[in-house]
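Working from the sequences, and respecting the hints, build out all of it.
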Amino acid sequence: MLSRTDMSFGAPLARGRAALATLTAVSALALSSAAAMAQDYDPQAVVNIGSLYEPQNLDNTQGAGQGINEAFNGNVYEGLFVLTDDGDVEPKLVDSYEISDDGLTYTFTLKDGVTFHSGEKMTSADVKSSIERVTAENSASSRKKTLTVIDSIETPDDKTVVVTLSAPSISLPYNLSYVWIVNDDAGDISASEDGTGPYTLQEWRRGSALAMVPFEDYWGEEPTNGGVMFQYFTDATAQNNALLTGAVDIITSVQSPDALSMFTDNPDFTVSEGASTTKELMAYNDRVAPFDNAQVRAALSRAVDKEKLLQAIWGDYGTLIGSFVPPTDPWYVDLNDVNAYDPESTKEMLAEAGYPDGFSFTLDTPDYDPHPVVAQFLQNELAKVDVDVKINIITANEWYTKIYKAHDFDATLQEHVNHRDIVFYGNPDFYWGYDNPEVTRLISESESAHSMEEQTEMLTEANKIIAEDAASMWLYLYPQIVVSTSNVSGYPLNGLNSQFFAYDIQKAD
Amino acid sequence: MLRYILRRLVILLLSLFIAAVVLFVLLRLLPGDPANALVGVGATPEQIAAAQAQLGSDQPLGVQFLSYLGDLARFDLGNSFVSRSSVLDEISRRLSVTLPLTLAAFVLALVIAIPLGILAAVKADRWYGLLLSVVSQVGIAVPVFWLGILLVYEFSLNLRLLPSGGFPLRGYADPGRAIESMVLPVLTIAIVMSASLMRYVRAATLEVLGSDFLRTARALGESHTGALMRHGLRNAAVPVVSVLGIELSTTFLGAVVVEQVFSLPGMGSMLLLGIQQRDYPNIQGVLIVSTLLVLLTGFLADILQRVLDPRLRKEAR
Numbered sequence: 001m002l003s004r005t006d007m008s009f010g011a012p013l014a015r016g017r018a019a020l021a022t023l024t025a026v027s028a029l030a031l032s033s034a035a036a037m038a039q040d041y042d043p044q045a046v047v048n049i050g051s052l053y054e055p056q057n058l059d060n061t062q063g064a065g066q067g068i069n070e071a072f073n074g075n076v077y078e079g080l081f082v083l084t085d086d087g088d089v090e091p092k093l094v095d096s097y098e099i100s101d102d103g104l105t106y107t108f109t110l111k112d113g114v115t116f117h118s119g120e121k122m123t124s125a126d127v128k129s130s131i132e133r134v135t136a137e138n139s140a141s142s143r144k145k146t147l148t149v150i151d152s153i154e155t156p157d158d159k160t161v162v163v164t165l166s167a168p169s170i171s172l173p174y175n176l177s178y179v180w181i182v183n184d185d186a187g188d189i190s191a192s193e194d195g196t197g198p199y200t201l202q203e204w205r206r207g208s209a210l211a212m213v214p215f216e217d218y219w220g221e222e223p224t225n226g227g228v229m230f231q232y233f234t235d236a237t238a239q240n241n242a243l244l245t246g247a248v249d250i251i252t253s254v255q256s257p258d259a260l261s262m263f264t265d266n267p268d269f270t271v272s273e274g275a276s277t278t279k280e281l282m283a284y285n286d287r288v289a290p291f292d293n294a295q296v297r298a299a300l301s302r303a304v305d306k307e308k309l310l311q312a313i314w315g316d317y318g319t320l321i322g323s324f325v326p327p328t329d330p331w332y333v334d335l336n337d338v339n340a341y342d343p344e345s346t347k348e349m350l351a352e353a354g355y356p357d358g359f360s361f362t363l364d365t366p367d368y369d370p371h372p373v374v375a376q377f378l379q380n381e382l383a384k385v386d387v388d389v390k391i392n393i394i395t396a397n398e399w400y401t402k403i404y405k406a407h408d409f410d411a412t413l414q415e416h417v418n419h420r421d422i423v424f425y426g427n428p429d430f431y432w433g434y435d436n437p438e439v440t441r442l443i444s445e446s447e448s449a450h451s452m453e454e455q456t457e458m459l460t461e462a463n464k465i466i467a468e469d470a471a472s473m474w475l476y477l478y479p480q481i482v483v484s485t486s487n488v489s490g491y492p493l494n495g496l497n498s499q500f501f502a503y504d505i506q507k508a509d
Numbered sequence: 001m002l003r004y005i006l007r008r009l010v011i012l013l014l015s016l017f018i019a020a021v022v023l024f025v026l027l028r029l030l031p032g033d034p035a036n037a038l039v040g041v042g043a044t045p046e047q048i049a050a051a052q053a054q055l056g057s058d059q060p061l062g063v064q065f066l067s068y069l070g071d072l073a074r075f076d077l078g079n080s081f082v083s084r085s086s087v088l089d090e091i092s093r094r095l096s097v098t099l100p101l102t103l104a105a106f107v108l109a110l111v112i113a114i115p116l117g118i119l120a121a122v123k124a125d126r127w128y129g130l131l132l133s134v135v136s137q138v139g140i141a142v143p144v145f146w147l148g149i150l151l152v153y154e155f156s157l158n159l160r161l162l163p164s165g166g167f168p169l170r171g172y173a174d175p176g177r178a179i180e181s182m183v184l185p186v187l188t189i190a191i192v193m194s195a196s197l198m199r200y201v202r203a204a205t206l207e208v209l210g211s212d213f214l215r216t217a218r219a220l221g222e223s224h225t226g227a228l229m230r231h232g233l234r235n236a237a238v239p240v241v242s243v244l245g246i247e248l249s250t251t252f253l254g255a256v257v258v259e260q261v262f263s264l265p266g267m268g269s270m271l272l273l274g275i276q277q278r279d280y281p282n283i284q285g286v287l288i289v290s291t292l293l294v295l296l297t298g299f300l301a302d303i304l305q306r307v308l309d310p311r312l313r314k315e316a317r
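Chain order of the listed sequences is A and B. Following the numbering used here, the numbering of the first sequence begins with 1 at its first residue and continues without gaps. Following the numbering used here, the numbering of the second sequence begins with 1 at its first residue and continues without gaps.
Treat the hints with care, as some may be off.
[Said to hold, decoys possible] As a list, the in silico SDA-like pairs of lysine to any residue whose alpha-carbon atoms are at most 25 Å apart: (1) A:Lys145 / A:Thr278; (2) A:Lys145 / B:Ile48; (3) A:Lys145 / B:Gln52.
Please keep in mind that the hints were generated in silico from the structure rather than gathered at the bench. Since the structure is predicted, the reported quantities are computational estimates derived from the model, not experimental observations.
Take a look at the structure:
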């Protein structure tokens with residue numbers, strides 16, 4: 001089981017630990033017993049988690065929404081691999097695996113002694129059917145596309161799974177970390193479950209809560225709490241109130257900084273900031289003038305003070321990354337210095353590119369937060385370099401048809417939520433139309449890399465080129481803010497693709 | 001009376017049919033295909049086509065309409081696009097929150113509004129009669145959600161007496177917590193509702209107070225209070241009952257806001273979620289059932305009025 005103490009974003013956790021230590025000291029004094037010092041949390045305590053993302057059903061291949069991953073990934077279901085909170089891929093239900101020299105055959109040996117919640121033993125047949133659930137015709141899984149590279153799955157014996165690919169895919173273990181291993185006899189799992197995880201589903205009441213209790217025959221370490229209850233809210237204020245009144249112990253993500261003032265500087269609560277994978281960006285349509293000119297894009301990048309923007313929207317939270325790659329991706333490098341804020345140089349560059357008097361463009365802006373505010377900020381900043389921004393507010397649905405489908409736009413604002421999504425820049429047909437053959441080559445060949453190191457090297461290179469090209473204007477990385485009462489610790493912080501491992505959470509009395 | 005009820009019932013069914021048609025048309029007029037919402041932004045055209053086939057949204061509108069009417073006639077509201085579960089089951093689960101919420105608030109509002117409304121009318125010339133009128137006037141102006149937030153602030157955040165929202169996992173199997181979680185929402189609705197009811201009760205009572213029959217009763221030797229109790233209440237009740245029907249319907253629909261403020265798993269939150277997800281069967285189901293409830297309330301109010309007022313029964317013949 002992964003340890004939560006060596007997290008890269010550990011500072012806020014350390015603060016939580018300090019508070020816990022104080023609490024322990026007090027109770028130890030009161031009881032003056034060695035037992036109380038040994039155990040600084042209650043292993044029977046149920047942890048109440050407040051969330052805004054209620055799953056629509058319990059099957060992640062049937063359009064259940066991100067809420068099901070938050071509740072079930074790693075808690076109720078496990079994959080062959082796990083994506084840790086640091087962004088590393090580690091074996092979970094796989095004991096060992098081998099890749100053939102041509103990179104086309106993966107042979108997985110499964111862990112011994114893993115049983116499903118129904119009591120059945122996990123075998124290779126379960127793994128095969130689980131992968132096929134995701135790639136099936138009627139599957140609505142967002143991971144379906146990444147697994148189309150799988151040609152066939154064979155199960156020579158109960159413990160061995162052989163996956164043959166049509167092309168090498170170094171990301172297969174990563175992609176498999178999103179494939180739940182489900183008992184092949186489970187049938188319809190849209191309202192029930194049969195996984196191998198440390199918790200079993202106790203009860204789910206649509207519209208209000210979902211409760212899980214520890215699974216007695218779990219193959220790994222047992223959870224450090226007596227169960228978890230996700231309580232769902234439709235309204236962020238109601239969720240915050242529940243935390244304030246002690247109805248919940250943790251809220252998984254804070255959507256606006258306004259609410260934080262209630263919790264910061266309050267010793268009863270711990271506010272922790274992790275890294276999200278959600279990037280706010282202004283995507284140019286790189287196919288149309290003037291944005292087909294990299295110099296123009298670079299010039300605009302220099303005209304916008306992103307630090308000021310982030311401060312205006314998130315206060316002291318959030319990160320500037322200078323590219324599309326969040327710090328939890330292995331190919332992250334700090335690229336803030338590329339085309340850094342330097343409005344003086346913008347005018348020169350624009351003149352060189354043939355726009356001495358600036359130009360005007362329409363910015364299609366989704367109508368929900370934070371885009372309209374961001375648009376206004378950009379309008380102000382770019383006006384200073386004689387670039388006139390016309391803000392056109394559109395709905396999410398219009399965005400989908402006008403921009404994503406029809407590519408009919410000058411520039412737009414969007415938030416991109418996924419982990420490892422730099423690959424979009426390797427697809428010239430993607431909505432923003434960035435087309436650099438070198439980047440396309442690096443990204444497509446990185447998938448056939450022979451080692452993770454090689455893949456990382458190639459994608460880091462691609463990342464740098466994309467930044468030099470100013471393919472889009474990357475504004476900031478959203479913060480991932482988790483707030484808890486101060487007697488709760490051990491929860492994940494980075495919220496990668498909204499998974500929320502609950503088994504290490506400890507709750508003191 | 002029986003003939004009236006039958007005729008009224010036919011009107012009810014006809015209204016329901018018209019509402020169903022309007023609903024169908026309105027929902028199809030909305031931009032956006034539910035299939036898009038279902039498969040998400042990254043979907044390929046093939047995935048969208050498959051989703052459309054699965055949802056039936058690729059069929060001609062006429063075909064969709066006929067199958068929709070057929071299902072309605074069998075009271076089959078279909079399955080949700082998103083959760084795949086039966087819409088009717090979901091609605092009945094949600095109604096188990098919304099109906100008690102609305103009815104409890106309604107009864108409480110009556111308990112507050114009737115005595116205070118009468119008092120405000122009878123003592124209209126005293127300072128407290130005037131004060132009651134002013135308070136009710138102010139009460140009408142208060143937005144429901146604002147009052148809800150105010151109550152949460154005081155009773156949950158400050159005094160820590162009641163939960164700020166949510167509904168227990170086991171629902172009514174956990175009666176203490178279920179009732180606790182209903183107290184603030186019920187209060188919120190009841191306070192706002194009683195404010196407007198009070199005004200109607202006051203107006204109706206004032207009218208009765210100035211009526212000839214009350215003066216005659218007094219002339220025949222009855223006391224003021226006695227006359228008011230025996231003849232006044234029933235007469236004042238007639239206009240109030242017709243208003244009650246409308247009030248109850250509005251409350252039921254207004255529960256959408258209150259459920260949102262208190263995170264209650266009722267019909268309102270189901271409707272809001274359905275709209276966000278373009279879950280047509282859920283939206284349609286909630287709206288049809290809400291329409292039915294509103295029509296039923298009106299129906300019952302009309303009948304109650306005739307029970308109270310024999311003059312109306314004569315006209316009906």
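Outcome of the hint check:
| no. | hint | result |
| --- | --- | --- |
| 1 | A:Lys145 / A:Thr278 | holds (21 Å) |
| 2 | A:Lys145 / B:Ile48 | holds (14 Å) |
| 3 | A:Lys145 / B:Gln52 | holds (19 Å) |
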